[in-house]
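Here are the chains, one letter per residue:
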Amino acid sequence: MTENTSTPARELISDAPPPEYTRFTLSDRLQHIVMLVSFITLAITGLAQKYALSPISLSIIQFWGGVEKVRATHHTAAIVLMLIAVYHVINLGYKLFVLRKPMTMLPSLQDARDALTAFAYNLGLRKTGAQMGRYTFEEKAEYWALVWGILIMGVTGFIMWNPIATVRFLPGQFIPAAKVAHGAEAVLAVLAIIVWHMYGVHLRKFNKSMWTGKLTEQEMLHEHPLELADIKAGMAGSPTDPAALRRRRLIYYPIAALLGGAMLFAVYGFVNGEQTAITTVPPQPNAVAIFVPYTPTPLPPTPTPIPPTPTVPPSPTAELASGTTASTSAAPAVTWAQVGPIFAAKCAMCHGPALATNGLNLSTYADAMKGAQDGPVIVPSDSANSKLFQIQSKGGHPGQLSADELAIIKAWIDSGAVER
Amino acid sequence: MSHKLSMQLRVASIALGSALLVAAALAMASPARAAYVAQPPTADKPTNEYCLSCHSKQGMVKELPSGETLSLTIDQEKFDHSVHNEEKLACVDCHTNITSFPHPSFEANTVRDVSLQLYQSCQNCHAEQYNKVLDSVHQKALAGGNFNAAVCTDCHNPHQQTRLTDKQTGKLLPDARLKIPQTCARCHSTIYDTYKGSVHGAALVESGNQDVPTCIDCHGVHNIQNPTDAAFRNDIPQLCAKCHTDPQIMGKYGISTNVLNTYVSDFHGTTVTLFQQVSPGTPTNKPVCTDCHGVHDISKVDNPATGIAIKQNLLPKCQRCHPTVTTDNFTDAWMSHYVASPTHFPLVYYVNMFYKFFIPAVIGGMLLFVIVDVYGRIRRSRKGAQH
Chain H
1 MTENTSTPAR ELISDAPPPE YTRFTLSDRL QHIVMLVSFI TLAITGLAQK
51 YALSPISLSI IQFWGGVEKV RATHHTAAIV LMLIAVYHVI NLGYKLFVLR
101 KPMTMLPSLQ DARDALTAFA YNLGLRKTGA QMGRYTFEEK AEYWALVWGI
151 LIMGVTGFIM WNPIATVRFL PGQFIPAAKV AHGAEAVLAV LAIIVWHMYG
201 VHLRKFNKSM WTGKLTEQEM LHEHPLELAD IKAGMAGSPT DPAALRRRRL
251 IYYPIAALLG GAMLFAVYGF VNGEQTAITT VPPQPNAVAI FVPYTPTPLP
301 PTPTPIPPTP TVPPSPTAEL ASGTTASTSA APAVTWAQVG PIFAAKCAMC
351 HGPALATNGL NLSTYADAMK GAQDGPVIVP SDSANSKLFQ IQSKGGHPGQ
401 LSADELAIIK AWIDSGAVER
Chain W
1 MSHKLSMQLR VASIALGSAL LVAAALAMAS PARAAYVAQP PTADKPTNEY
51 CLSCHSKQGM VKELPSGETL SLTIDQEKFD HSVHNEEKLA CVDCHTNITS
101 FPHPSFEANT VRDVSLQLYQ SCQNCHAEQY NKVLDSVHQK ALAGGNFNAA
151 VCTDCHNPHQ QTRLTDKQTG KLLPDARLKI PQTCARCHST IYDTYKGSVH
201 GAALVESGNQ DVPTCIDCHG VHNIQNPTDA AFRNDIPQLC AKCHTDPQIM
251 GKYGISTNVL NTYVSDFHGT TVTLFQQVSP GTPTNKPVCT DCHGVHDISK
301 VDNPATGIAI KQNLLPKCQR CHPTVTTDNF TDAWMSHYVA SPTHFPLVYY
351 VNMFYKFFIP AVIGGMLLFV IVDVYGRIRR SRKGAQH
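Here the protein sequences come in this chain order: H and W.
When you number the first sequence by my numbering, it's gap-free, plus one each residue, and the end is 420.
When you number the second sequence by my numbering, it's gap-free, plus one each residue, and the end is 387.
No wet-lab data here; the hints were simulated from the structure.
Hints are not guaranteed to be accurate.
[As the list claims (entries may be wrong)] In silico lysine-lysine, DSS-like type, Cα no more than 30 Å apart, as pairs: (1) Lys311/W to Lys50/H; (2) Lys300/W to Lys196/W; (3) Lys346/H to Lys45/W; (4) Lys387/H to Lys57/W; (5) Lys383/W to Lys127/H; (6) Lys140/H to Lys242/W; (7) Lys242/W to Lys50/H; (8) Lys370/H to Lys62/W; (9) Lys394/H to Lys57/W; (10) Lys394/H to Lys370/H; (11) Lys50/H to Lys317/W; (12) Lys196/W to Lys132/W; (13) Lys179/W to Lys167/W; (14) Lys62/W to Lys394/H.
Could you put the whole structure together from the sequences, leaning on the hints where they help?
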């Protein structure tokens, strides 16, 4: 803490270490740190949402792990800021009521005069600048701007956080209006911090008192001469009677507990008041049947589907049995029962009832014997002169019969080409 | 004997004639847009006329082991008008395993099996489309064992498909466009029935409107994606915006082109757009266009029964995600695609207006003080230096 005083102004040098003045208590400084962290967090996560589609915002949101995480962080930082505001109010009550500190932060007409004086002095219209007390008009402007900002952000934030509760009392358009105000107020706050705060305590002269808590006598003389004068005159920080202090504490603590409890309850309600939307991800579309084909168009009617007659060829054993019992010259070996299925399988595609290419339809015995448009194709007992056999035995005809099948056909024709 | 000879002569002359025709067509065709250029038939490659001499006959069927009947008849007239015939493709260009009669044996249990075997030859000419299909929801379903999933030939009957796109520009022909929903309806008939009643579908079906979207405008063609995927859903606002931000189309119907801007600047739209840009595959519970306007049943917003410009119709849409809402006051939390003005959402308008003046006034005042302070300091330090 003493490095601040390593280069004291010449006229103040004495043997003793130069005097320092406590400007901010530890509690004040902690409040500042917590608020600073939450403010910067709120600003980054908030502006990234306000200008969501700018490239910078997109990379911030990407870095954060998505907009829902950005929002969660924003909400967390808002809770921290609300809590520190509650603490500030309680702490302020203690300072004012128990410690009986003067209300030095209240704005007054003198502040307006100071501002005008400073303005005129800087323009060279006055010989001397404003002589100010514990809080300069610049500091008061910043403090009250912050109070205004927190109130606006709190109210509009509540409306957006609790839209359903809001519309119980207010028209729906308060919600988009709150969003506009919240975003605009954020821009105002960030710009004010950049212009006013940065210039006032960083650029003009780097003021470390919010971190060290101390100002040197020279700094006091420059910035808060009236306060310094009060201190020197013994008017500030006059010791309080311990008995009175104890009595006031006894009164204030229950009030503070009640007030604090009420405010904390309000914060709790703010945060947990309603579950705005269902958490189902995402809203489920109305179920639709996906595969509902039209009934397939039926095929054009076919007079006789293949195979036309499911005639079962007599089993060899039955044939054998009939051969032994009946006379050997009767009952021909091959009948339509055997050749019909061969025709059905191999020929019916073209020479069926539907197409009957060249007039030949081999689907029934009668049609087969009728032959093609230019004459019969089967001459009973004469396979060599049967056109069907001639064409098939040459090979290469569509639906070519195998040698075994051809042998059956030949046997059938040569045995008289009988139906049964 | 003479009969057989004349048959051979006829086949030979047809083959020769076809070869000449194809050669002529080849010489004239612009190969740039053609999916495929037919090869001239060779001696061992039968002509279409040869194939059709049997296959154009009515009632040509084959019974399959499943008991189903497979029609082998080609509708000659429809084939004549098909794009494949127009481009002089030979039957055997697709039916590559068939070179003569008798045909090689054919192993298929069901009619579906036949399609599943044969559609693969489409890739020989239409590789681009075929490869796109490999990424589609249909192929994924097929690979997952759903044999009903559509393959090429379910949408494009290769023996009947007429030309779909303009040969020069590659753009979909107006007639083809009108038929798209009916094609999808073969499998998705209930969705088609819904679509027919929607503002888009009715315009297409009843008056042949060419501006309204057909199935493929939203779902894509060939590489059709699962519309219930998060990525598809997150992209829906951009999908609708393709037409709904186009002043040329919207101007005809007096529809605002501000619908995307106003959506994206709202809480819901901002969120969905961020998901779409930052993590497209992650689902979000914020609504997209279809959650309020409907999917296949989109109606006009001023339709008294269904239009969501009417608060009573909008409230149930809000309640799907905000079930505890009871008052239609809540619907005004969403600005219904309006830009705030003194007549629509005046409070929003005036708050915005206030900050338009308030921010410059405050920050301007601060800047003035800061600049004057800097000036004063410089002036005084110069003076101090002179002394």
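Inset, instruction - May I ask which of the numbered hints given earlier this structure violates, with the numbers listed in increasing order? - result: 6
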